[in-house]
Structure formats: C-alpha cells, structure tokens
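Given the structure of chain Y, go ahead and fit chains G, Z and A onto it with the hints provided.
Residue numbers (my numbering), protein chains in the order written: chain Y, -19 to 286; chain G, -19 to 286; chain Z, -19 to 286; chain A, -19 to 286.
Heads up, the list lumps identical chains together, so a pair's fine if it works in one copy or across two of them.
Cross-link-like lysine to aspartate or glutamate pairs, in silico, EDC-like; alpha carbons within 20 Å at most:
| no. | residue 1 | residue 2 |
| --- | --- | --- |
| 1 | K114 | E60 |
| 2 | K280 | D250 |
| 3 | K280 | D206 |
| 4 | K280 | D(-15) |
| 5 | K280 | D193 |
| 6 | K207 | E227 |
Keep in mind that the hints were calculated from the coordinates and are not lab data.
There are 4 protein chains.
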Amino acid sequence: MTARDFQPILTDIVHTLTPDLGKEGQVAQYIPALARVPAAQFGMALRTCDGHEAAAGAADTAFSIQSISKVFALTLGMREMGEYLWDRIGREPSGTAFNSLVQLEFEQGTPRNPFINAGAIAVTDRLLNSCDPKAAMLDLLSGLAGEPVHFDEEVAASEAATGYRNIALANFMKSFGKLDHDVATVLDAYFHHCAVSMTCRQLARATGYLCRDGLHPFTGQPLLTDKQTRRINALMLTCGTYDAAGEFAFSIGLPCKSGVGGGIVAVVPDTLSLCVWSPALDATGNSLLGRRALELFAQKTGLSVF
Amino acid sequence: MTARDFQPILTDIVHTLTPDLGKEGQVAQYIPALARVPAAQFGMALRTCDGHEAAAGAADTAFSIQSISKVFALTLGMREMGEYLWDRIGREPSGTAFNSLVQLEFEQGTPRNPFINAGAIAVTDRLLNSCDPKAAMLDLLSGLAGEPVHFDEEVAASEAATGYRNIALANFMKSFGKLDHDVATVLDAYFHHCAVSMTCRQLARATGYLCRDGLHPFTGQPLLTDKQTRRINALMLTCGTYDAAGEFAFSIGLPCKSGVGGGIVAVVPDTLSLCVWSPALDATGNSLLGRRALELFAQKTGLSVF
Amino acid sequence: MTARDFQPILTDIVHTLTPDLGKEGQVAQYIPALARVPAAQFGMALRTCDGHEAAAGAADTAFSIQSISKVFALTLGMREMGEYLWDRIGREPSGTAFNSLVQLEFEQGTPRNPFINAGAIAVTDRLLNSCDPKAAMLDLLSGLAGEPVHFDEEVAASEAATGYRNIALANFMKSFGKLDHDVATVLDAYFHHCAVSMTCRQLARATGYLCRDGLHPFTGQPLLTDKQTRRINALMLTCGTYDAAGEFAFSIGLPCKSGVGGGIVAVVPDTLSLCVWSPALDATGNSLLGRRALELFAQKTGLSVF
Amino acid sequence: MTARDFQPILTDIVHTLTPDLGKEGQVAQYIPALARVPAAQFGMALRTCDGHEAAAGAADTAFSIQSISKVFALTLGMREMGEYLWDRIGREPSGTAFNSLVQLEFEQGTPRNPFINAGAIAVTDRLLNSCDPKAAMLDLLSGLAGEPVHFDEEVAASEAATGYRNIALANFMKSFGKLDHDVATVLDAYFHHCAVSMTCRQLARATGYLCRDGLHPFTGQPLLTDKQTRRINALMLTCGTYDAAGEFAFSIGLPCKSGVGGGIVAVVPDTLSLCVWSPALDATGNSLLGRRALELFAQKTGLSVF
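Bound conformation, chain Y alone (with noise of 0.2 Å):
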C-alpha cells in the first residue's frame, strides 16, 4: 500500500466515528488541566518508512502527548546509556494500574517497566546524569516533528500542583534509594516531559524511526540501533496501553502508547508510524475512539504483527 491508499481509509475511519465523538467515555480527571478539554474531537495521521503522510479530522490541532512521551524518554535514556539504562529498571509487563505502589512495595522501589509512571520517573532520574531532559526532549521532538514542538506549561504546573500519586510514587522510590537526584527535579522533569503539546501529524512523524529500524524519519541518521529500535516495539506491545494491554495486541496487533490526554502512536514496523486523537478515555485509560479506531485501521489495511 502506499500513502495514497492510506488516505481515503483513513476519511472513511474519520467518518465512521464521527456520529459517536463525545458520547461515550470520559476525559481525564487527574489534574484540571486535562479535564477541561472538550470531548468531541479526534484526528488521526500517518506517515509511511518512504516519507508519505495522510491525515484526517483535526489531526493539526495539538494536545498533551502526556506516556507517550514514555517512548521519548526511552529512546533518549537508551541513546545516552545503553544497557546502563535497565540497572533500576524492569521490562515485563506489571498486572497492576500503570500508576499503582503495591509492586513497587514488593519489588523494593524497582518499577516492572519504563511504561508505567514509575518506570519512567526512574529514566527521568538517570538521564539527569548526562543531560537536561528537558531541553534534550524539545530537541528530540522539534527535529522528529521537523518542526519547534513546544511544553505547555498550564499543563505541567497543574501536573505539579495536583499530581500527587506521581509525587507519592517519586518520594517512594526516593525512600528505596532508587532515585539519584532530588525529587523536585525529577518530577519537574517528567512533568514537562508529560506536558508535551503536539498534533497527530507531529507524532505520526516522530515515532518514524519506530518503523524504519531506529533510522531518523527525515535525516537517515541512526537515532537507536536496530536491536534498540526492537526492544521499544517489544515493550510497546507488551506494556503500553496500561491494563489492556493484551486486549491491544489481539484487537490490533501492532506496538502501541497511549496517554491520558488521549494520543495513540502505533507501529507498523517496516512500514508506517501512525497518531489517532480523541480526548475521552475508556475504564482502561486509553482513549475510546482513539481503539475504536486503530481497530478499524488493523482491520481494514490487514496491517498487524500477527
């Protein structure tokens, strides 16, 4: 297929969904500036591993990446430490909620992977030995997106006002000795990591070295190594959709991250990265159109690992 064929199934998704935008699902709560974002509005984009991109509904309004800005701290943790990076941190798939302690209790401050909050509060704390995240993370983004990408900082000073089970989960593995710098730091760190603002098409674009063996979408350069490139894919198909994960790899079947703010990057390897958009969650906290639309997607391109 090429972008050409993309473009219309994804009008067709586009219009599909568009009689049940804002009637189901609910938009986060968390913090006040997620929560009044209206309902009603979804986007998708693609960009294929040859440089074509589709786009349909509001796939150039921004909104808050919020985990999937996961993936990026990731890459640039990986890029900066290699295997130093995993010291403190696991890679399986946790069974409890993405922002639960019970684990983090037993397994003494270690967070199962660097999908969940904790995860990637740790790989916040370790990239601060080497860089500042986040300057390192416009950077990263503005050269993927191929243009400036910005935080938004409402968002991010909401995140640190009211975030409390992030704070509660930072201080805790603070107390478990698993965090090198001072909280405060940390947490601003991956608050503005949350805090990221972009569109569909900013992110289809951004996760383009995901499908093309860790290869920078516009300049060829290598951003990961191939093997690296794998270990996200992996990890995004195991841990990042939050507690749905194995509904995720039947329904679509390809590497995904959510967030709360309602993004969804998938994966396509050796083929095209793609963004959907819908602000409403599902029970699970992934967002509800945002599925409904990936499995439309899986299902009508054939397109799935499986």
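Just chains G, Z and A now, kept in the frame of chain Y:
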C-alpha cells in the same frame, strides 16, 4: 526462505549449543517424574506453512509438554465455546508468578489469562461442560501431529500426588464459586493435559494452524477462525513465557509458549511454526538453551514480528 | 463479685437481647451443615475461678465450636511441644481475612498466628508428630468440661466435602514445604477439631484454665505454665476475633476467641471465664448478639483488662 | 505497691541492663538527626496514679519522642472531634510495616489505625480543621509534663528534608482524596509532632491520664472520657509497637507505644504510667533495651493486664 534454507540454520544452532548442554540451568524439581529427566538434551524442529519440515538434534525424543498444553486447551475451549469461554478468564499479562494465588485473591478467583495455571484450570473446567477434555486433547493433538499422541501416566500421577500448588489453586477458585465441576475431575484433566508426551517434530506440526490463520496443517480445514488464531498468538506474545514475556518479545520477537518440561513452541505468522526443547530451565522457568536457540534462530533468519 | 452477683447480670442480658433475636446478621453459609442452624438462639454461661457457675438462655444447647477449637489446639500444641511449636507459626495480628492466602504467599507458607485458619492447620500438623490430634482434643475437652464431648460428624463431613478454602490453604502450605504430614490427614483432624459440639456451660468450664494461670479448673493440676497461659490470652486479645480484634479490645477489653458457629469465649484473668452463643454473625464473622452480650457484660461488671 | 516500692525495682533494672548498653541493636538511620544519637544510653521513669514518681538512669535526658507523639495526636483528635475523627481511620492492627503503602492502596487511602504513620498523618489533617496542631501539641504536652516542652527543630527539618516515605504516604492519601489540607501543611505539623523532645520523666507524667480514666494527672480535670481512654489503651496494646504488638502483649502485657527515637511508654490501668528509653532499636523498630526493661518490670512487679 524455504525449508531447504532452514535446515542448515537448525544444524548450525545445534552445533553452537552442544558444548553448553547440561552446563547451566536446572531441570524442573517440583514433581519427581520431571526431576529425573537428564538435563543434557536438545532438539529442534520446524514446519513451514507450505508443509516442509526441518529438524536437528533430539527432534524425535518425546518430552512432557507441560504448559505448552495450555495453547491446545485454549484452542479446544475457543472452538467449543467461542466468547463464552472468557466469562471467567482475563486476557492480560499477570505481572506475578505463573502459580501465584495473590492476584487470584484480589480478583476473586478470576485468573488473569489462560496461560497461567489458574487460567488453564478454568479453561479445563469449562471444557467439561461440553466434552471429555482428556479424549478431546489426545484427539486434537494426534490429528495435528499426524500420528498418535499419548499421556505419560506416570507424570500425570506424579502431579496428582504432589502438585500441591495446583491443588491449592483449583480449590481456591472453587471457594470463589468459579469452577463448575468437581475439583478432582478438573485437576485430573488438567494434570493429564500437562502430561502429554510429544516430540519437537510433533509440536512443530501441531502448532501449524497458528501460522496458517487457524487452518489445520494437514487437512486445511478451519480449526479456529482467523481472529481466534490472532487472539492466541497475541496471548502467547504477551503471556506465553511466564515472567519473561517482555524479554522474549524483545530478544525473540515471536509468539511463544513454554513449558517446565523444557519445550518452547514459537510461531512466525504466515511462515512457519517451530519447537525447541532442552530440559534445564533458567530462573524464569523457561528452557535455558531453548531460549538461546530461539534467539539464534531469530538472529540468523531475521524473522520477528517487530 | 461472686457467682451469685453474676446470675442476675446474665439474666438481665438475656432479657435485653431477646427482642433482637434473629433480626440481624446471618448464620455462616460456607458449609451446609452450619447454614441450616436456626438464627434466633442465644445462650450464655460463666464460671468463676473459685468454681461457681452462672448461666442464662440456651446455655445447655450444643453448637459447633468451630474456630474456638483453635484455642484448645494451641493448648495441646504448647503442652506437647513447648517453643518448638512456634517454628512455623507467627504470633502477630494478620491485618487480613482469617482465610486469606495473600499473606501466606508473601511469607512463604508461614501463617501469621495460630488463630487464623492457616495457623491452626500448622498447629494440627505439628500435633501429628506426637499424638492423635482427634483423640487428644476430645480427651482434653471432656476433662475440662467435666463430661464427655463429641465431634459432630456431619459438620466434619460437610467441611471435608466443601471446605475448599481450607483445602487450598493446606495444599498451599504443603507446596512451601511447611506441612510435615499428609494434607488429607492434617485436614481430617483440623475439620474434626472445628466440628466439636459443645454448650456454653461446657465452654465456660473448658476455658477455666485461662483465668487460673494454666491450672485445670477441676483438678487444679497445671495444664500449661503461667507464662504459656498469658501467651494464649495475649493472642486472644490481639488475634482472637478475626478482623475485629481492635474493636473487641476496645469495646469489651477481654481476651476473646470467636467461631463462625456463633460462639465466643472470653477470659477475665484471675476472675472467670465465660461463653456466649448466638448463630447469626456480623460482617466481621463474629456472633452479632454474642458480641453485644459481651459488651453489656463488660459495661455492667466493669470487668476489662484496661 | 507504692512508688517507694518501685524505686528499687527501677534501680535494679538499670543495674541489670547497664552491661548491655550499646552492644546490640542499631540507632534509627532513616534521618541524619536521629542517626547520630549515641546508642549507649538508658533511662526509665514512672508515675503512679496517686502522684508518686520513681526514676533511674538517664531519666532526665531529652530524646525525640517520634511515634509516641501519635498517642497525643490521637488524644487531641478525640478531644476535638469525638467520633467524627474515625471517619477516615481504621482501628485494627495492620499486619504490615508501619510505613507500608500496600494496605493503603488496597483500602483506597484509609489507614488501618492511628498508630501507623499514615493514620497519624490522617489524624493531623483532621486536627487542622479545628486547631493549630503544632501549638495544640506543645500546649497539651507542657501541661501534662508540668513544664515547657519543645520541638527539636533540627529533627523536624531533617524529617522534612529526607522523610521520603512519609511524603509518599501523605501524597498517596491526598491522591485518594483522603486529606483535606495541603500536604506540606499536614506534614509540617506531623514532622513537628514526631520531633517533640522530652525526657522519660516528662513522658511518664504526660501519659498519666491513660491510667486515670482520662483525668489530667495534675489538674484532675477530664482530658478524655473513660471510654475514650480505654480506646487508646486498647489501640496501644493491639497496634502500639509496630509489627511486634503480639510479642509485647505476651511478654509485657501492657498497653505500650514505641517510637524510633528509642522511647516506649506503657500504661498499667488504674496504677501507673511509665516510660523507658534507649536509642538502639531491634529488628522490629522498637527500643531493644527498652523492651527488655519493660519485660523485667512486668516480671518483677507482676503487673500485666492478663
């Protein structure tokens, strides 16, 4: 690649691993009948979708398939019951040991997925509603393997006599009202399923429907639908190798299911199914050399879903 | 106070509670033989250290002592084994349900205390090293009660047939190597201990050694040492009434042990022992009217350890 | 017994324990200000209900009362709020470590009892509804001790800077909506409560109301009702000494509350209150020699609630 191309790769893997035979890992100790299997054995076999086979090492030595039987029990369950099967069984990774009772208590007797022991016991209980699970299993496997397959009654008796953890799991589920049938009857079937004795070559054949969208490898008749088959492959990738699913997804990148008898089956969708076997296990309960063999296979062939 | 003073108090309590008989709570449902006991029954009896008795209501109706037997199993264990008994059993409150398997998994098969089911099963297993626990129990209780005491074989059979949770607990401990004896043998003794049938009057006598520093209420011979007796009283106060020990300590202020048959025994050190019985249980599994009767008794007599 | 009788007993205990000073146990390490307290110190003091005092060893050396403050915070809470206090705090033993987050997650932010850290933080939050908890604490303790009592600001600052686990606990409860006030404000009061500096003699006096049915030891005015006082004593016995409450109940048999500063207060209802102190802790976080001193005291006096 054709089967002709695969044969030298398998031969080469056997050659590479032979010096390590019996040097690391430990044969499963929890039942006497498994504990006395000699560690220094290795075999490997594959069968392509178009019916060609390759094999190396002890590919025709029978071993106890143990948890690999969970794939076939699930297949029987899906064929017999469709969606009703999932009433009492989840489909998400567990994040805890395959024989843990903790999550089962928190989730009131509902297992996280059909590939942990509790889940397979629940599948077996459901099978008793519509068939004789022992006869159905031998029938299914004999047909898939193309030759008669048997239970190792000594292994089944050993499980029944000393499989305390599984007896605990079944009674625990029963106490939550989550088993319909008599505990002893359910466990007798479950222990026999685990005690099926098969060779690598037979298992490579028997998993053939998983790389052929559910079509029987010999008859071409649909055993499962395309969608059901994808469901099983997705579950194998996310939950098939105990608490190492994340590592397998990364280092092998194929849907796999392992057993404590030392076997591991793997599926390359639309391409081939394979089986490796070596009795010594690593700390996660997966065959140590089996895992290494699959990694070598993935490296040498480039076959991976990612 | 003398027994003469206590009689009107008991009569008064019966009078006060009679209007409430059968109005609240629910008879234990988990085994059929208990589920059909009529709820609207109440009895109470006490015996002072100097041998006087008082009783009111259905004080001579036999009921299933259930977990009250744990006090006597522990007494047998301490008498037979001394400190060795504690090798595999803790002595701290559990903070989880009396039949939970969670803590047992975290603590590798070692129960938190001898008054949760797992703990009493462990005590019974140890008893099998040196005596016939069933004969020893009847012998002990008949001597303490001053008349022959029997098992209710129907209740024991009901437990054996449907006590899935206890069967799970025993097999779980066995899987950790924490039971020396055959699971079926241990459970047969444990189920019979729970199935002892006694009256309030008999239990008030039988617990007489607990208010007399371990001296037998009839013979005056030491059954336990002073220190061992204090150990049991301390355990009753901290762990004797399931997940309501804190409330009992406050509102009653006496060492108590309850059973799901609706009985509760209580000890006023150096003064008296008593037993109340009413089959309907509250949400914590303690006799609803039994608990209220003990509160009234504590209020009217001012007897409390605090 | 009169205070005249107690003096030689205390002197004798000091004599017995002096050779063991500094030989076993370890001073609390979790904050720097406590970690540098010299281990080889011991003091003991008591005050009878009728106002006589006895003391031995370093009875007039001030130390950090730490968790002993939880008794006084609870007293303030009960006095200010009555039953409303218990809205968000349980009253049962926890079965897990005093600073565990696990049970808090299962019980949605509601602490098991007011003597674990989470429970005392919840009490402090409630106090902020009606008073200035820091001023109220100093006021209460100065009145009870008969002389001005102060915060050790260095200890409070050390807690605020490095008490990560407590910061985690408070933010965790806040994330469940179970704290009304600002986390920093609540923790500031909580850390100051823990940082009160008092001597054994002062604490023996200050706990005087607990052996006098709630009457102030100097003024005789009711501080709490008889019933409220019994509630506190019951909680001290079942939950006052971390995960050693069962052992304390047995070997000492008195309501006790310990702190990681090495102090332990104990109550003999209607008789006396006492305090021991020695900074080196045992594995359960209780003062090692303090515990031994209480055991000797119980043995020599025969005072025990059992």
